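Visitor: One-letter residues, chain by chain:
There are 2 protein chains.
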Amino acid sequence: MEITSFSNPKIKLLRKLRDKKHRHENGLFYVEGLRIIGDALEHDAIFDAVYYCEDLLNSHFGEHLLKICEQRNIDMYHLPANVFGSFALKDHPQGIAAVLKMETYEEPKVIPEKRQIWVGLEAIADPGNLGTIFRTLDATAGSGVFLIGNCVDVYDPAVVRGSMGSFFTQPFYHMKAETLSIWKSKNNIHVIGTSDKAIKDYQEIEYPGQMILIMGSEREGLHPEIESLCDDIVSIPMSGFMDSLNLSVATSLMLYEIYNQHRKSGKVLGGRK
Amino acid sequence: MEITSFSNPKIKLLRKLRDKKHRHENGLFYVEGLRIIGDALEHDAIFDAVYYCEDLLNSHFGEHLLKICEQRNIDMYHLPANVFGSFALKDHPQGIAAVLKMETYEEPKVIPEKRQIWVGLEAIADPGNLGTIFRTLDATAGSGVFLIGNCVDVYDPAVVRGSMGSFFTQPFYHMKAETLSIWKSKNNIHVIGTSDKAIKDYQEIEYPGQMILIMGSEREGLHPEIESLCDDIVSIPMSGFMDSLNLSVATSLMLYEIYNQHRKSGKVLGGRK
Chain A
0 MEITSFSNPK IKLLRKLRDK KHRHENGLFY VEGLRIIGDA LEHDAIFDAV
50 YYCEDLLNSH FGEHLLKICE QRNIDMYHLP ANVFGSFALK DHPQGIAAVL
100 KMETYEEPKV IPEKRQIWVG LEAIADPGNL GTIFRTLDAT AGSGVFLIGN
150 CVDVYDPAVV RGSMGSFFTQ PFYHMKAETL SIWKSKNNIH VIGTSDKAIK
200 DYQEIEYPGQ MILIMGSERE GLHPEIESLC DDIVSIPMSG FMDSLNLSVA
250 TSLMLYEIYN QHRKSGKVLG GRK
Chain B
0 MEITSFSNPK IKLLRKLRDK KHRHENGLFY VEGLRIIGDA LEHDAIFDAV
50 YYCEDLLNSH FGEHLLKICE QRNIDMYHLP ANVFGSFALK DHPQGIAAVL
100 KMETYEEPKV IPEKRQIWVG LEAIADPGNL GTIFRTLDAT AGSGVFLIGN
150 CVDVYDPAVV RGSMGSFFTQ PFYHMKAETL SIWKSKNNIH VIGTSDKAIK
200 DYQEIEYPGQ MILIMGSERE GLHPEIESLC DDIVSIPMSG FMDSLNLSVA
250 TSLMLYEIYN QHRKSGKVLG GRK
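First to last, the protein sequences are chains A and B. First residue of the first sequence: 0, per numbering that gives the first Met the number 0; consecutive thereafter. First residue of the second sequence: 0, per numbering that gives the first Met the number 0; consecutive thereafter.
These aren't lab readings, by the way, just hints derived from the structure by calculation. Keep in mind it's a predicted model, so treat the numbers as computed, not measured. There's no promise every hint is true.
Copies of the same chain look alike in the list, so a pair counts if it fits in one copy or across any two.
[Unchecked claim] Below, computed lysine to aspartate or glutamate pairings styled on EDC-like, alpha-carbon distance capped at 20 Å:
no., residue 1, residue 2
1, 266, 203
2, 89, 217
3, 175, 152
4, 196, 217
The shape of chain A in the complex, shown without the other chains (with noise of 0.2 Å):
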């Protein structure tokens, strides 16, 4: 189908999935790009629209998208290069965008022998640093995504693009502290935070297979509340003149510690090499 129109109502609901507020309300949410659309198909996220414009998109691998798209029976629809700009995120947009749904992932399940590490993250703020966890906990093999407290919206463009896809390979969970006290309980999981006060070198403790791990905030780091939730809390050491690591890098060397300690004692297999 073909939309010529600026006003058009499809047109103006992807304008309006700028707004975490509307993409809430509809339910869905924007990605847009080669890379992005590429991953959600291979990864069966559930397609509302495609959205393409011929004369952006030139490359092969942009019409092989479309033809999986077309076999596929999503709904796509063919703009004019003027008005797929009146949307598009990037100043030099590939031609191609989706409006997906947003899922909602049951309760995660505790699998007994399984390695499954999950990361809770607490008031994260930055939609670049979650991003970037997702594509660690991927590479790290990781189960999840605990959202605690009040977070950045995980459907936020920048998260999704800063995923490299692996947004659509990680489920995520909302939770309050509350609700996470409660999890931990009932499925005995053990939780370790980090915090610079701690006087655990990370890498001094022994990681069990089955855990959570709580990053605090970016401003902030471990609440109180959430940091009574943890059987241990680690440091990771400095030697410079600044007081902190980035949130993103920080969740990443202790997620590759995890990592690094299972694939020596076999609890996971050493990558895909």
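Using the hints, position chain B against chain A.
Guide: Chain B only, in chain A's frame:
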């Protein structure tokens, strides 16, 4: 001094400093916010001038910073909120900004017996990644950054902001691949690169106390010309669906592996605690 006009040449310059071209023509760059200006003062950055708005700057720390600027005879300009807002980068600016002079660092010196770890970044494109790498390099007691080839402007406000002050503690050097090659030979410095195609695990090798860690760009990885400079190439294992890590994460994992090895062998003091 007070400036009330939007078209004052100094105010016009502040807006112009958003562009790389104007920054380098003037040898000046722009920073904004309490924390960055505090760090710039602490680490003796060279100030051209400070701009503040008392209505926006309602904090003791802000007043403290202004006092230091006065003591150091830094040119200070007082502005109304609307003029300040005309160049501020943040939506809710903290009411203090500064123009700093670019510094050129002398060629890095190799000091016998001293632990010296440099990071060489080839064609890094994302300012947030570059800032984050400065931050981790500071944390791991690094010696500076080589910017190889066509990199993002190191004076981009997003680099300085992302570095959280470590911009002022880590020297940086622009180098062509050829220059780096000459410098490496002259100083007999070990160069270690990373590539997802490398067979050696990044935890398998022993890192020397003086070395350059080379990281390829976000999109292209290591260029063959740079790869040929490397004495060793290692990879960071991954077990997920995605094929790469965020560049600042990958660099930080490498820097911490080097740092952790050196902490354990006594080459570096184990943090400030």
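Visitor: Now tell me if each hint is right for this structure.
Guide: Structure-based check of all given hints:
no.	hint	result
1	266 / 203	both (18 Å within a copy, 19 Å between copies)
2	89 / 217	between (27 Å within a copy, 18 Å between copies)
3	175 / 152	within (15 Å within a copy, 41 Å between copies)
4	196 / 217	within (15 Å within a copy, 33 Å between copies)
Violation of the numbered hints given earlier is absent; every hint is satisfied by the structure.
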